[in-house]
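Visitor: Got chain A sorted already, so can you dock chain B onto it with the hints?
There are 2 protein chains.
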Amino acid sequence: MGFDYQSVLRPDLPPPAMPWGGFPKYNFIGGHNDAANVPVDDLIAAANAVLKREGATLATYGLQSGPQGYRPLREFVAAKLNQRAGITCDADQVLMTSGSMQSLDLVNGVLLGAGDTVIVEAETYGGAMKHLQALGVDYVGVAQDGGGMRMDALAETLQALKDRGVRPKYIYTIPTVQNPTGVVVSRERRLEMLRLAGEFGVPIFEDDCYADLLWEGERPPAIQALDQNNAVVYCGSFSKSIAPALRVGYVVANWELLSRLLSIKTDGGTGALEQMVLAEYCHDHFNAHVGALQGVLQAKCAAMIEALESNFGTAASFSRPKGGIFIWITLPEAVDTTALAQAALAEGVALNPGAEWMADAAAGRHRLRLCFGHPTIETIRDGVAKLAEVCHREFGLPERSANVER
Amino acid sequence: MGFDYQSVLRPDLPPPAMPWGGFPKYNFIGGHNDAANVPVDDLIAAANAVLKREGATLATYGLQSGPQGYRPLREFVAAKLNQRAGITCDADQVLMTSGSMQSLDLVNGVLLGAGDTVIVEAETYGGAMKHLQALGVDYVGVAQDGGGMRMDALAETLQALKDRGVRPKYIYTIPTVQNPTGVVVSRERRLEMLRLAGEFGVPIFEDDCYADLLWEGERPPAIQALDQNNAVVYCGSFSKSIAPALRVGYVVANWELLSRLLSIKTDGGTGALEQMVLAEYCHDHFNAHVGALQGVLQAKCAAMIEALESNFGTAASFSRPKGGIFIWITLPEAVDTTALAQAALAEGVALNPGAEWMADAAAGRHRLRLCFGHPTIETIRDGVAKLAEVCHREFGLPERSANVER
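If you're matching them up, the sequences are chains A and B in order.
FYI, the numbering for the first sequence is 133 to 538, going by our numbering.
FYI, the numbering for the second sequence is 133 to 538, going by our numbering.
Chain A extracted, bound-state conformation:
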């Protein structure tokens, strides 16, 4: 017997959560990182130093830095963005958030209402789409090619929406190590995106969460760095570069918008200990750590590619990522990756079906995303082999692997 909560719940809630049953053995989903490369000793040293010096400031909400977040960390972010992304900003234009999911929520919170429309890349971050769905916001995907969002397609989409009287609230883009394709958009396309944004009066929401993990080729300036018009809201995170369980992200925007984000950030501030330790750690170690991490991820990426080639052969097509923690894979049309994901999970292999990572879910039906950041190289090899087995059992594909007929 008990109170009947069904009668008081909102009618439009998502399904209830299931009790957590632990991580799957072959965990190819989620932005988890390499456990062996969490810089534990240096984080301990940072915690010691910063708490010894400033621990008493934990007694006040926002420490001595106010609601935008711990000032030394905002200063580090500004310096890092200047050095790595070409962005010119200072600590006053940086808002620390409780992970980049909160950055998305805050930007959405000041711009979006039910029935609004935004533009996204055709392949895009599933979590962002889920949050848009929860808000009742429509999203329109723009086709990508090997260079990222196609500017002709963006122009067409903007024009078609305009013809229908729809002014999209923003263009959401992950231009540097795109999620899930891993593409890096060229400087030229970035400039063209800015031109189109200006022409149609639509701001750009630039999500640069994976940019620090680019290990091949030059990193182009952030779109915000190329912007003359304050039309770009920029967000980033320490989840991918340091550790995802530390919930610290950031938004960079002009004060007109930042003051709005801040007015709806009514959470009593972002965790101070995490900000303090990160600031202390990153000041001395960020560049070296990220350099080493890139090498580790690159090796894991290579292992996953090798495993895919040897187990799926020509049945799996993909581009070799230049950074990040995932590979976006196209399988033959006969394979329904949503069904594959269910069957694979029963064998301990977790994957993101393409339907959850594309604006047009049907177009993702035979695609999938595999993350390689967390599993060891051995787990990657075994898990991809297991996945190929399950796929063959369920769909008769791949027909061959490692040149052996199945």
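Read the hints as simulated data drawn from the structure, not as lab findings.
All residues carry an ideal CB built from backbone N, CA and C; glycine is no exception.
Incorrect hints may appear among the rest.
Only pairs whose alpha carbons sit at most 16 Å apart, straight line, appear in this in silico EDC-like list of lysine to aspartate or glutamate [as the list claims (entries may be wrong)]:
#1 B/184 - A/174
#2 A/262 - A/295
#3 B/262 - A/288
#4 A/184 - B/479
Now the stretches of chain A that chain B is said to cover, found in silico as 3 or more residues with beta-carbon under 8 Å [stated by the list, open to error]:
#5 165–177
#6 227–236
#7 450–463
Away from chain B, derived, C-beta distances all over 10 Å, residues of chain A [said to hold, decoys possible]:
#8 136
#9 195
#10 224
#11 241
#12 270
#13 272
#14 278
#15 299
#16 328
#17 353
#18 376
#19 438
Guide: Chain B alone, transformed into the frame defined by chain A:
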């Protein structure tokens, strides 16, 4: 020149934030804590121990504990609530949150829609009302006396709403060290509240944020501990007992509701470092720390009462709190505390005007809340004297202070 964000902002936003200008000299607002009593050395030791042992688990979202939060901390919360509040629960019924403000947001998120109604205490937490306002939710205040929410008034309110066809979504109550009155509701009233909640089919939302700071008299069992019917959602926090800049709170509820809260907690988890350090620290030190902190706060409370008596004399009436960090004060009707707050802030004295801390803002016009947790005893003395000066200048009251005519 720049992009015109006004044209894309939601129409119903709160006013933009102002740049942060630092804390006022006499900071009598906010749930800040005593800086000298942040247990810095023990937090450092805890950080060392837990990071050394489990630092590598930061590589996964949710550590190895899943989305409900770090399991050792949930176990500590369950044990603490059993010991201190008489609640019988286990770690599976505890959801760690990013501060109790997020607890409120999650509970509101699954229960409330625009146009809904909730019941609150006539004097209540201003932050809770702000969040309700942002959701377009109506709140009805129930009169309190020296024993907290009056049960006859609650019965009348529930009946009156029922007669109008309104079923309130919950009864929000802070029964132990009520904010702002400092009252502790008796066991008998708690049982009567449960009876009324059952009779009218309305759940109770019990906010126990300050309960660990009760320094006088026995702490009654939590309302949830007395509940036979799963009709109570309970929340608490480490902000007041350890440090507010650590953003860690918790909700205790049955799985039917917890699974709903969890399904809308899409933030990638609550900060793991803060949870790990808290769990490690609290296991050994919570009881001793809270005991010592109570003594410190009691002394500050006594200093504020002495300062009020000597500077305001009979012009200020209040009850002596049995715990917590604030005093709720009634001034003569001629004093408008919203105007007083503005004038006082110009002199460096920050206070919460009563209009922001009562469901019926007009009833709070000559009341105010003063927090004594953060300022030193000297600052309390000087600040209350300064406040009396400003009040006399603006409203001609108090007429006398320290038996000297002004």
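Visitor: Determine for every hint whether it applies to the structure shown.
Guide: These are the hints, each one checked on the structure:
1. B/184 - A/174: 11 Å, holds
2. A/262 - A/295: Distance ~27 Å between residue 262 of chain A and residue 295 of chain A Cα, so the pair is violated.
3. B/262 - A/288: The hint is violated at about 43 Å.
4. A/184 - B/479: Measuring from Cα to Cα gives roughly 33 Å; hence the hint is violated.
5. 165–177: holds (count 9)
6. 227–236: With 4 residues in contact (Cβ-Cβ under 8 Å with chain B), the coverage given for the region 227–236 of chain A holds.
7. 450–463: This one is violated; 0 residues, fewer than the three required, reach chain B with a Cβ under 8 Å.
8. 136: The claim breaks: residue 136 of chain A does not keep its Cβ more than 10 Å from every Cβ of chain B (closest is about 8 Å).
9. 195: The claim breaks: residue 195 of chain A does not keep its Cβ more than 10 Å from every Cβ of chain B (closest is about 5 Å).
10. 224: 7 Å, violated
11. 241: For residue 241 of chain A, whose nearest Cβ neighbour in chain B is about 8 Å away, the distance does not exceed 10 Å, so it is violated.
12. 270: Residue 270 of chain A is indeed farther than 10 Å from all Cβ atoms of chain B, at 15 Å.
13. 272: 16 Å, holds
14. 278: 30 Å, holds
15. 299: 8 Å, violated
16. 328: At roughly 13 Å from the nearest Cβ of chain B, residue 328 of chain A sits farther out than 10 Å, so the non-interface label holds.
17. 353: 18 Å, holds
18. 376: The assertion about residue 376 of chain A is violated, with a minimum of 5 Å to chain B.
19. 438: 23 Å, holds
In summary, the structure is inconsistent with hints 2, 3, 4, 7, 8, 9, 10, 11, 15 and 18 from the numbered list given earlier, while agreeing with the others.
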